[in-house]
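Okay, here's what each chain looks like letter by letter:
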Amino acid sequence: MSEYLSVLIFAVTGAAIVLFTFFISKLIRPHNPYPEKGVTYECAEDAIGDSWIRFNPRFYIFALIFVIFDVEVIFLFPWAVAFGELGLFALVEMVIFILILFFGLFYAWKKGVLKWV
Amino acid sequence: MLEIIIIGTLKVIAVVVVVLTCCAYSTLLERKVLAYMQHRLGPIYAGPWGLMQPIADGIKLMFKEDIVPDRSERLMFMLAPIVSFIPALLVFAVVPFSSDFSMFGYEIKGVLSDLNIGVLYIFAITSLSVYGLVLAGWSSGSKYSLLGGIRSSAQMISYELSYGLSIVGVILFANTLSMTEIVNQQASFWDMFIFRQPLAFLLFLTCGIAETNRLPFDLPECESELAAGYHTEYSSMRFATFFVAEYGYMLAVSSVATTLFLGGWQGPFLPPVIWFLIKVFGFMFFYIWLRATFPRFRYDQLMAFGWKVLFPLALANTMGTALWVLLTDSVN
Numbered sequence: 001m002s003e004y005l006s007v008l009i010f011a012v013t014g015a016a017i018v019l020f021t022f023f024i025s026k027l028i029r030p031h032n033p034y035p036e037k038g039v040t041y042e043c044a045e046d047a048i049g050d051s052w053i054r055f056n057p058r059f060y061i062f063a064l065i066f067v068i069f070d071v072e073v074i075f076l077f078p079w080a081v082a083f084g085e086l087g088l089f090a091l092v093e094m095v096i097f098i099l100i101l102f103f104g105l106f107y108a109w110k111k112g113v114l115k116w117v
Numbered sequence: 001m002l003e004i005i006i007i008g009t010l011k012v013i014a015v016v017v018v019v020l021t022c023c024a025y026s027t028l029l030e031r032k033v034l035a036y037m038q039h040r041l042g043p044i045y046a047g048p049w050g051l052m053q054p055i056a057d058g059i060k061l062m063f064k065e066d067i068v069p070d071r072s073e074r075l076m077f078m079l080a081p082i083v084s085f086i087p088a089l090l091v092f093a094v095v096p097f098s099s100d101f102s103m104f105g106y107e108i109k110g111v112l113s114d115l116n117i118g119v120l121y122i123f124a125i126t127s128l129s130v131y132g133l134v135l136a137g138w139s140s141g142s143k144y145s146l147l148g149g150i151r152s153s154a155q156m157i158s159y160e161l162s163y164g165l166s167i168v169g170v171i172l173f174a175n176t177l178s179m180t181e182i183v184n185q186q187a188s189f190w191d192m193f194i195f196r197q198p199l200a201f202l203l204f205l206t207c208g209i210a211e212t213n214r215l216p217f218d219l220p221e222c223e224s225e226l227a228a229g230y231h232t233e234y235s236s237m238r239f240a241t242f243f244v245a246e247y248g249y250m251l252a253v254s255s256v257a258t259t260l261f262l263g264g265w266q267g268p269f270l271p272p273v274i275w276f277l278i279k280v281f282g283f284m285f286f287y288i289w290l291r292a293t294f295p296r297f298r299y300d301q302l303m304a305f306g307w308k309v310l311f312p313l314a315l316a317n318t319m320g321t322a323l324w325v326l327l328t329d330s331v332n
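Chains as they are written, first to last, in the numbering used here: chain A, 1 to 117; chain B, 1 to 332.
Honestly, the hints are just simulated from the structure, not real lab data. Warning: the hint list may mix true and false statements.
Unchecked claim - Only pairs whose alpha carbons sit at most 25 Å apart, straight line, appear in this in silico DSS-like list of lysine-lysine:
{"id": "1", "chain 1": "B", "residue 1": "K11", "chain 2": "A", "residue 2": "K26"}
{"id": "2", "chain 1": "B", "residue 1": "K109", "chain 2": "B", "residue 2": "K11"}
{"id": "3", "chain 1": "A", "residue 1": "K26", "chain 2": "B", "residue 2": "K60"}
{"id": "4", "chain 1": "B", "residue 1": "K308", "chain 2": "A", "residue 2": "K115"}
{"id": "5", "chain 1": "A", "residue 1": "K111", "chain 2": "B", "residue 2": "K308"}
{"id": "6", "chain 1": "A", "residue 1": "K37", "chain 2": "B", "residue 2": "K60"}
{"id": "7", "chain 1": "A", "residue 1": "K110", "chain 2": "B", "residue 2": "K308"}
{"id": "8", "chain 1": "A", "residue 1": "K37", "chain 2": "A", "residue 2": "K26"}
{"id": "9", "chain 1": "B", "residue 1": "K64", "chain 2": "A", "residue 2": "K37"}
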């Protein structure tokens, strides 16, 4: 338990240091906003349209594929730790599992999901 | 009990201070090394050999006005630097930087917290760092930032798979997730996991560079087309926090690579901490060297490389390693 406690202390200390420097900086820096300063940067031109533009849905598909394979990687961690005891049985099981997922990747690949442009 | 908490807190403060100092001086190292590689001198005016430059930069940024653009989502805009900084720092909680030593009559462990799931913890924490960049990109209210944020999220999740898989190869040999235990298993030179997992080491290094958004994989920042990407709109200490987070993250990846593949603090003659720092800064030098050498990837090349080359390679390496471990076990 105390191991996790020190991780918590670490996180709190890190946050405290950042907030402290923000605070110090707030005390000493100038504060003089005017409308031109708050304008969004766009190559020194007036910004055209909203900044929440449409972007390629392909990013979303990549995220979907990622979720599936990330779960696979997470499964591999405990498998790797216990592998010394489990032996051949574990290897065969994991090869079947990975082959099924790899077939999925192959399918996505052939469907052109992984292709840009 | 109180003693444990006090020692723990002091250790935490010491590690935080050392890590932040290392981050600051990594910026100087980068500028100096890049300069010499390009036949320039780099910073020379602040202190001897420009040694005070990081401090001067820090003070300068503190005195700068903090601009929050009108179109930004204020709360998220302010939170994003902190969200990206803390994961970078938290990785160091489980990295063993030295052997156990005694000081002032107390036995002190050479690691902040020896979690038995250390490797999994690192994998989890590094995944969190993408949130800071996406939040910054989304909340800035600038097109460049949004594109940078989205790019970085897609890039980081793509390379995270091979990143995790390359670690699995090491765990198959080590049979543990504890970082301390992994270091202890690499006691002699030929025991270092780099010799048993050379392919995994290369994969880890490549993915580590992509995860930290460094050249040749720095598409999210891409000065020439995105004007610094997710931190275009940031200024003052918030910008500095992003900067420190980036270098902290590079240091984190370097120290994890050192621990998993190069035997961490193990080494002859010199004290363990020195060996650890030498190895980590060796990696940092390698990062900067890459930056001076390679041009940037194109985005479709980057994604294709991650999914069609690295990921199948990492899977094959994992399965091959498992088979190897099985065969050598049955021979013995």
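Cross-check of the supplied hints:
Taking the CA atoms of B:K11 and A:K26, the gap is near 29 Å; set against the 25 Å cutoff, the hint is violated. Of the supplied pair hints, the one linking B:K109 and B:K11 holds, its CA atoms being roughly 10 Å apart against a limit of 25 Å. A hinted pair counts as satisfied when its Cα atoms are at most 25 Å apart, and A:K26 with B:K60 qualifies at roughly 13 Å. With a C-alpha separation of about 10 Å, the suggested pairing of B:K308 with A:K115 holds against the 25 Å cut-off.
In summary, the hint linking A:K111 to B:K308 is supported, as the alpha carbons are separated by about 14 Å, within the 25 Å threshold. At most 25 Å may separate the alpha-carbon atoms for a hinted pair to count; A:K37 and B:K60 meet this at roughly 20 Å. Restraint check for A:K110 and B:K308: the C-alpha separation of about 11 Å stays at or below 25 Å, so the hint holds. Between the alpha carbons of A:K37 and A:K26 the distance comes to roughly 18 Å, so the proposed pair stays at or under 25 Å and holds.
With a C-alpha separation of about 14 Å, the suggested pair B:K64 and A:K37 falls inside the 25 Å cut-off, and the hint holds.
Of the hints listed earlier, the one the structure fails to meet is number 1.
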